[in-house]
Each structure stands twice: as structure tokens, then as C-alpha cells.
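**Q** Here the protein sequences line up with chains A and B, keeping their order.
Read left to right, the first sequence gives residues 32 to 363 (the working numbering).
Read left to right, the second sequence gives residues 32 to 363 (the working numbering).
In short, the hints are calculated from the structure, not lab data.
Some hints here could point you the wrong way.
Copies of one chain are not kept apart here, so a pair can be met inside one copy or by any two copies together.
Restricting the straight-line Cα-Cα distance to at most 35 Å, the calculated cross-link-like pairs of lysine-lysine (DSBU-like) are [unchecked claim]: (1) Lys210 to Lys160; (2) Lys175 to Lys210; (3) Lys224 to Lys175; (4) Lys175 to Lys160; (5) Lys210 to Lys224; (6) Lys224 to Lys160.
There are 2 protein chains.
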Amino acid sequence: MRERHVISQIAALTGPSSHPLLVQGIGDDCAVLSGQIADDHLVTTDMLVEGVHFDCRWHPAHLLGRKSLAVSVSDIAAMGGEARFALLSLALPSRLGDAWIAEFIEGFVSKLAEEQVILIGGDTVGGDKLVISVTVLGGVAQGKAIKRQGARPGDGIYVTGPLGLAAAALHLCQNQCFKIEDVAMSPWPNLLKALLDPEAQSAMGMLLGSFGGVSAMQDISDGIATDLAHICQASRVAAEIFADCLAPHPDLENYCRLVGLNPIDLQLRGGEDYQLLFTMPPRREPALFLACAAESLPEPQRIGVVREGAGIWLRQGGAATEITFQGYEHRS
Amino acid sequence: MRERHVISQIAALTGPSSHPLLVQGIGDDCAVLSGQIADDHLVTTDMLVEGVHFDCRWHPAHLLGRKSLAVSVSDIAAMGGEARFALLSLALPSRLGDAWIAEFIEGFVSKLAEEQVILIGGDTVGGDKLVISVTVLGGVAQGKAIKRQGARPGDGIYVTGPLGLAAAALHLCQNQCFKIEDVAMSPWPNLLKALLDPEAQSAMGMLLGSFGGVSAMQDISDGIATDLAHICQASRVAAEIFADCLAPHPDLENYCRLVGLNPIDLQLRGGEDYQLLFTMPPRREPALFLACAAESLPEPQRIGVVREGAGIWLRQGGAATEITFQGYEHRS
Numbered sequence: 032m033r034e035r036h037v038i039s040q041i042a043a044l045t046g047p048s049s050h051p052l053l054v055q056g057i058g059d060d061c062a063v064l065s066g067q068i069a070d071d072h073l074v075t076t077d078m079l080v081e082g083v084h085f086d087c088r089w090h091p092a093h094l095l096g097r098k099s100l101a102v103s104v105s106d107i108a109a110m111g112g113e114a115r116f117a118l119l120s121l122a123l124p125s126r127l128g129d130a131w132i133a134e135f136i137e138g139f140v141s142k143l144a145e146e147q148v149i150l151i152g153g154d155t156v157g158g159d160k161l162v163i164s165v166t167v168l169g170g171v172a173q174g175k176a177i178k179r180q181g182a183r184p185g186d187g188i189y190v191t192g193p194l195g196l197a198a199a200a201l202h203l204c205q206n207q208c209f210k211i212e213d214v215a216m217s218p219w220p221n222l223l224k225a226l227l228d229p230e231a232q233s234a235m236g237m238l239l240g241s242f243g244g245v246s247a248m249q250d251i252s253d254g255i256a257t258d259l260a261h262i263c264q265a266s267r268v269a270a271e272i273f274a275d276c277l278a279p280h281p282d283l284e285n286y287c288r289l290v291g292l293n294p295i296d297l298q299l300r301g302g303e304d305y306q307l308l309f310t311m312p313p314r315r316e317p318a319l320f321l322a323c324a325a326e327s328l329p330e331p332q333r334i335g336v337v338r339e340g341a342g343i344w345l346r347q348g349g350a351a352t353e354i355t356f357q358g359y360e361h362r363s
Numbered sequence: 032m033r034e035r036h037v038i039s040q041i042a043a044l045t046g047p048s049s050h051p052l053l054v055q056g057i058g059d060d061c062a063v064l065s066g067q068i069a070d071d072h073l074v075t076t077d078m079l080v081e082g083v084h085f086d087c088r089w090h091p092a093h094l095l096g097r098k099s100l101a102v103s104v105s106d107i108a109a110m111g112g113e114a115r116f117a118l119l120s121l122a123l124p125s126r127l128g129d130a131w132i133a134e135f136i137e138g139f140v141s142k143l144a145e146e147q148v149i150l151i152g153g154d155t156v157g158g159d160k161l162v163i164s165v166t167v168l169g170g171v172a173q174g175k176a177i178k179r180q181g182a183r184p185g186d187g188i189y190v191t192g193p194l195g196l197a198a199a200a201l202h203l204c205q206n207q208c209f210k211i212e213d214v215a216m217s218p219w220p221n222l223l224k225a226l227l228d229p230e231a232q233s234a235m236g237m238l239l240g241s242f243g244g245v246s247a248m249q250d251i252s253d254g255i256a257t258d259l260a261h262i263c264q265a266s267r268v269a270a271e272i273f274a275d276c277l278a279p280h281p282d283l284e285n286y287c288r289l290v291g292l293n294p295i296d297l298q299l300r301g302g303e304d305y306q307l308l309f310t311m312p313p314r315r316e317p318a319l320f321l322a323c324a325a326e327s328l329p330e331p332q333r334i335g336v337v338r339e340g341a342g343i344w345l346r347q348g349g350a351a352t353e354i355t356f357q358g359y360e361h362r363s
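Pulled out of the complex, with its shape left as it was, chain A reads as follows (with noise of 0.2 Å):
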């Protein structure tokens, strides 16, 4: 049975793995880690279903093998941690040829050295759809890890990097009948990536981890009008966000002007963005850009504040509105 030798081709392909808490990796009941260290651990797990999370008519296999493994990675570095550790199930159906399979662990190995993560276990059986459940497991400095309870009012709110761009992707590949030959060719290569192959703010979740001033942090994978909901539902406050500060990427505003979409609803409402969104005091700021600078990280944005009170609102000139939980959804 060819799925049987998935995981042992993932483990062939990134040679011999070797961690100071690793003691047993593929090839037994159960991956054995040390215990012999003080940081905390993570642990996230996510399932993505063909036709829910994904399409394999214009995802290329490749690029859904290294975007797999970026989605669990994303909720690692959205606690300040460091991932080290992945396990990987696959349901396989067996219309997906062995090319297709492939490419699919081409591009997951791809993603491992990208994180540095090493495989340590997983499963591959059967099925009518593909499904893909990824479980990584992390570490952050004791007590370090940054939760979504602790938004205080007066916290500025930051985002760190553009939004709504895996939104505007998707409308692309929904309404122009896309397919995995037109992704090379296409006019919007930075909407593409964004949806296609995301990458996981690892090195700045890592930062902001030990930077020591963030008071909540999350990944965004709903749309930050549902991620910020979940952060002000935890520390229970409300969040006003200025839609002066939402500045969208070029590349998303000329898309949606040739469209008929308005960006600001892709930056509130669109998922998939996998950037961090985090609060902070914004006396921390200039503290927070110099260390970013000495990494060569880009600055993240203050979009917004943390009120006293409760939901998420959209300030626009004089006006404020309710835009609590009208994120995205996954299409079932």
C-alpha cells in the first residue's frame, strides 16, 4: 500500500534528524522527546479537507505540502514559540497519482528545513478526499508564552504584514476558473502566494516572543473582525480599529478596483492571512521597531486600540461599527 511509505519517504528524503530532545523519532509506536529542558511546550494541531480548506484544481501539490505545514507552524509562532516538531496524517485518495504524492512531499520537505522542523511521526490511509491533519510541537521560554488574554485598554493594536491578500487570491481562483496551470502565468503573483504558499511569521513570533512587551497575540486565520474578537472575548475588551491605518497592498487595491471589491472588507473579513496580530503598549514601539530593525524584520503596523468594553469596531471619519465575528468562513 503506497501510503504506508509516505512518512518513510518524508524521513528518507530529510536524512538523518538530529535534535539535542530528540530520542526516538519515525519508526515506533510513539515519537520519544526529552523532558530534559525548562522551556515550556506547544502543541497545535489543524485538519484541512479538500474542497473546505483547499482545491486541488489550482493548489499545486508542492505548494499545499509546504502550505500544510505552515498553518500549524503560524499558531507556534502566534504563542512567541519556536517550532521543532511535526507529525503528519494524510487520507489519500487514490486518484492522486504517485507524481501528485510526489510533489506533495517535495514541497512539505521543502517547508521542514525552511522551520526547522523535523517529522517525527504521522499516518497515511485511504480515503475519497484528501484530508491533511498536522500536529507541531514547540517550545517557548518558561512561562513565556504569549495568550490571547492580557489586551489591556490603552494597548495599540499591530499587525505584521498586509492583509487580505489570500482573500482577494481566492475570489481570483473561484470566479476566473482557475487552474494549477495558471498560477505561474498570472498577473498576481504576491495574491497567489498569499493563499498558495503562506509563510508563517516564525523568526518575528519568535521576536515579539522574547521582545517581552506584547500583552496578546494570535495568528490570523479567520480575518482579523473574528481573530481580534477571540483576543477581546479572552481580555475581555474591545477593540476599535482605524480604517485610515489599513493601508492595502498595491497589489490587492488595483485587484479589487479591477473587480468591483472594496479591500477593506478583504482586510477585516478575508482568513488565511497567517500574519500575527498582536497588542502592546505603544510606549514599547521604538523599542519594538530597533529590535525588528536588528533583525532585518520588517515593522509591524499599529491599526488600532484596545478599549474598555466589548466587540470590535471599525472607526471610519466620524463613524464607528460593529464588525464583531464577520470574519471568514470556511466555504462548508
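Given chain A's structure and the hints, the job is docking chain B onto it.
**A** Using the frame of chain A, we list chain B on its own:
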């Protein structure tokens, strides 16, 4: 979206969970576990797909919930460890109603309680077919995890309980147009329990882990012809099973007589028994049996011997037949 609530429903049903290692459970991007422990950590993941690993026509939802956790806890037991934390991801088809989901959750929660495992995260998404992905984390005393490698020529081969019951039950369900209503009425409760509601050998796994004399171990998920082959490959040895030592469970014997099957085929090749299969020098038997008696656990049965060479051999009368890897394959 109802599926968003499955993990939080489970969290609500299990109540506030406390564990010396648990810093942050469900409700953030990641769970956080303290690193302040000398134990080694164990990690395992399994994916179960409807129509491949289970069939909702005859698998009651609450028993499927229980089994979903049990199969991964069994992997922790197979390393001699203790299961502690679980993550549950579900792809839920819309045809499964709220009552079905509530029953599944009830079963999963009852198994969490039995195994003293805390749910620390997960993901629930839409899908056409039910897919269940469970990751379990556990612990074992430093350096004491029992691997597949380590079996030595002369070691005895042991199993912790009866074999082939789950395979007989699968035959029963598949060949008698079995339905959920039939489960409670069936004259074969022991067979059905093995298939629908298997027990992980948790107490026995921990005893074998701390006992010290066990040279190799794994759980029986694919049948001993296959599972023992994994131990033998990892340990670079051969195994000889004595047909005379494979006394079938009375219900297996009766069922096989009724339908014209050979019990030894099911015992060797039937999967999903989730008993433990281990090797140990026979001189340690008296001490092990005393330890079992002290914990009111049944004595493991010796069914064969480790030899130099390669392959799995069945000795029946004077002849030895090779049966390497002639195990159970999940249906797809």
C-alpha cells in the same frame, strides 16, 4: 458553525482540568505544557477514516468516540508509558446530526475519564466523510520507553490477551448486514466489544514499562504476522510462533466453527486487537507474573520464541511456515 463547538463542548463536559504539567489547555493557538519534568515525552497520532477504519452503519457513535481515543492510547501503552493529553480533530459530514455528534462526544469524554487523559486541543471542520485524527501525548520514565528494537534470540514472545476477536466481529458485521440496532442484541458481545469498543492495555503497558525486563514491544493493530514483523525487522531477528500456544478465546472458536473460518487465521492475521505484543527473556516470567498478580492484571501468554535470522514463522506440528507480514490490511 456547529463543528466549531465540538472541542469546547468536550471541554465543558470534562470540567476544569488540572494536571501538574498543564499550563494552558483548550482556547488559545496552542496548548502549553510545562517542561519541568524528568520524564521523557511520548507522542503518537492516528487517523481513522469512515469506510476504511470504521463503518457508521454498525458502529454506535459513542463507541466510536471511545475507540478513537483508545487506539492512540494503545500506542502510548506499547511504549510502556502513561497517556496524559490528547488533541482531537474531526472532519464532520453534515449528514451526521447533532444527536450523533452528542453521542460521539459522550463516548470520547467517557474514555478520556477512564484513561485519565485531558483534551488540550483540536480542530473541527466540515467534510464529506467522517475523518477522525487523534494525537496523544504521554510520559515514561527517562530512558525507559520500550521500543520495537531490542528483541534478542532466546527471548519469549508474549501477548497480553486474546487475539482475533475484532477480526471475527468484522466478519460478523460485514457478512450479516449488521446494523447499529443489532449490536445490543447480538449473541457475540465479546467479539463486538473487541471491534467496536477496544480497551487500550494501559495498566499493563505501564507495568511492563516499569518492570524492566521487556526487550521490545508494540501494540497489535495489524495482526501479529505483521506487527511481530515490525519488531523483528527493527531488532534484526526472526520469530517463531507455536500454533499450540494460540488457544483461541471460546467465542472466537464457536464463531469460527459456525461460519467455517479457521480461528488461527484470525489470530495471526486479524487486526485491531490492541493487545500488547512483547518480548522478554523467559527467566523473567515468574517475576512478571507476580507483578501482574499484585495489580490484578491477567498473566501475559507466551506464544513463541525469538530466533536468529529473519521472518515470522508458524510452527504447527513438525513444520514451520513463513507468515511474515500476512497481516490485516484496512479495507481501502
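**Q** Which earlier hints can't be squared with this structure?
**A** Failing hints, ascending: 2 and 4.
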